[in-house]
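**Student:** Sequence:
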Amino acid sequence: MKPTELAKGVFRISANIGSQDLFEGIWPIPNGVSLNSYIVRGEKIALIDMVKDWEGAVDKISVQLNSLQIQIEDIDYLILNHMEPDHTGWLSELRDKNPNIKILCSKKAVPLVKAFYGIEDNVVAVGSGDSLDLGGRKLLFEDTPNIHWPETMMTVEPESGILFSCDAFGSFGKVGEAVFDDQLSEKDREFFKRETLRYYANIVSTFSTFVERGIKKLENLDIKIIAPSHGIIWRSKPKEIIQDYVKLASYMNGPAEKEITLIWSSMYGNTEALLDSIIKGVEEEGVPLTLHRIPQEHASFVLAAAWKSSGIIIGTPTYEYKMFPPMYAILDILERSHVKNRKVLRFGSYGWSGGAQKQFDEFSAAMKWDCLGSIEYQGAPTEVDKQMAYMKAKELARAVKVWE
Numbered sequence: 032m033k034p035t036e037l038a039k040g041v042f043r044i045s046a047n048i049g050s051q052d053l054f055e056g057i058w059p060i061p062n063g064v065s066l067n068s069y070i071v072r073g074e075k076i077a078l079i080d081m082v083k084d085w086e087g088a089v090d091k092i093s094v095q096l097n098s099l100q101i102q103i104e105d106i107d108y109l110i111l112n113h114m115e116p117d118h119t120g121w122l123s124e125l126r127d128k129n130p131n132i133k134i135l136c137s138k139k140a141v142p143l144v145k146a147f148y149g150i151e152d153n154v155v156a157v158g159s160g161d162s163l164d165l166g167g168r169k170l171l172f173e174d175t176p177n178i179h180w181p182e183t184m185m186t187v188e189p190e191s192g193i194l195f196s197c198d199a200f201g202s203f204g205k206v207g208e209a210v211f212d213d214q215l216s217e218k219d220r221e222f223f224k225r226e227t228l229r230y231y232a233n234i235v236s237t238f239s240t241f242v243e244r245g246i247k248k249l250e251n252l253d254i255k256i257i258a259p260s261h262g263i264i265w266r267s268k269p270k271e272i273i274q275d276y277v278k279l280a281s282y283m284n285g286p287a288e289k290e291i292t293l294i295w296s297s298m299y300g301n302t303e304a305l306l307d308s309i310i311k312g313v314e315e316e317g318v319p320l321t322l323h324r325i326p327q328e329h330a331s332f333v334l335a336a337a338w339k340s341s342g343i344i345i346g347t348p349t350y351e352y353k354m355f356p357p358m359y360a361i362l363d364i365l366e367r368s369h370v371k372n373r374k375v376l377r378f379g380s381y382g383w384s385g386g387a388q389k390q391f392d393e394f395s396a397a398m399k400w401d402c403l404g405s406i407e408y409q410g411a412p413t414e415v416d417k418q419m420a421y422m423k424a425k426e427l428a429r430a431v432k433v434w435e
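For the sequence shown, the numbering used here begins at 32 and goes up steadily by one.
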């Protein structure tokens, strides 16, 4: 990859990561992910955010620095917007090569620099209202805590209007020669739209309240380009991606989109036997429906669908007096991610004894779900069960359609 000039003296340097690893050790990246760092050059040089030594990322970044005729020893300042290791993993090696580099980060990040890397010297805390003069170019700092760690901040280059947003406004997916949003084909645009949603749901959704607060802090800034640490650069319509984030954050407390996500598991086909009735009931009301089978499908994709859906249907059998374990794990993810205030329905089979419903009720109450009913039956469903499932699904779909 080659450096990309965002504005005079401002460059993106980046490395693409493949699909064999899991992001944060949990989320699949079937189309890889990009790690973006940035160089801002005045009389002095600042490096904004870093990479970890992941699939040769450090070597790729070093080659791009060399192409800009910058050696590690030439960098005067390192700006750490966020301390997560995918942005800081190279820090010890960089510091060894350039012991005089000054590290700027938020106040809450200072102890993390020590905890992760044992570095205390030349670490300077900055926050909202602080600035750095590079000589002919200035950087401004804005605390944006909990987007998505408590120490997170963002950096602004006011002359060009570039916001270096770190994990905010990012996405999964490798970035090719089309680095900017206005260079994407329609197919690629749709891809990054999906992967921005999945990235938000997986990485950021838990902190949606703080996203709303953080975005308010950006309202008075003249932002012309948004440069995140993962994904493409938003330059054609930066306010559009900001508004997308406002919308995504609002989904936490519902209502979200007028659609339904059906998440189901089945051990021997008896819970599955109700699917056709459920699907028919929803489709007859004209509400979009997505299906996700557990454990065959990863929680990452289930969470993305559930996050943007106002309605959720859970199909799960009882397993040893409790919920089917893979479904329990999914509901735990939904609870951790604060998928709250949804219209829901639950169905499922049991053998010698029930028990799944009790656990489901606990989750439902914790997430403030409005449960419109449950269809639970011993063994295989009867025609009465199927008719009830059909009617309850229609009821849920109608509730989703009118929910404002």
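Treat the hints with care, as some may be off.
Unchecked claim - Pairwise CB distance ranges (calculated): (1) Ala156 with Glu74: 15 to 25 Å; (2) Glu151 with Gly382: 34 to 44 Å; (3) Lys169 with Lys389: 22 to 32 Å; (4) Asp392 with Ser216: 29 to 39 Å; (5) Ser384 with Asp363: 20 to 30 Å; (6) Lys248 with Ser123: 30 to 40 Å; (7) Lys371 with Gln409: 50 to 60 Å; (8) Lys39 with Pro319: 19 to 29 Å; (9) Arg220 with Asn251: 45 to 55 Å; (10) Glu243 with Glu190: 57 to 67 Å.
Calculated from the structure, these hints are not laboratory results. Virtual Cβ for every residue (Gly too), placed ideally from N, Cα, C.
**Student:** So, against the hints stated earlier in the document, which numbers end up violated here?
**Tutor:** Failing hints, ascending: 2, 3, 4, 7, 8, 9, 10.
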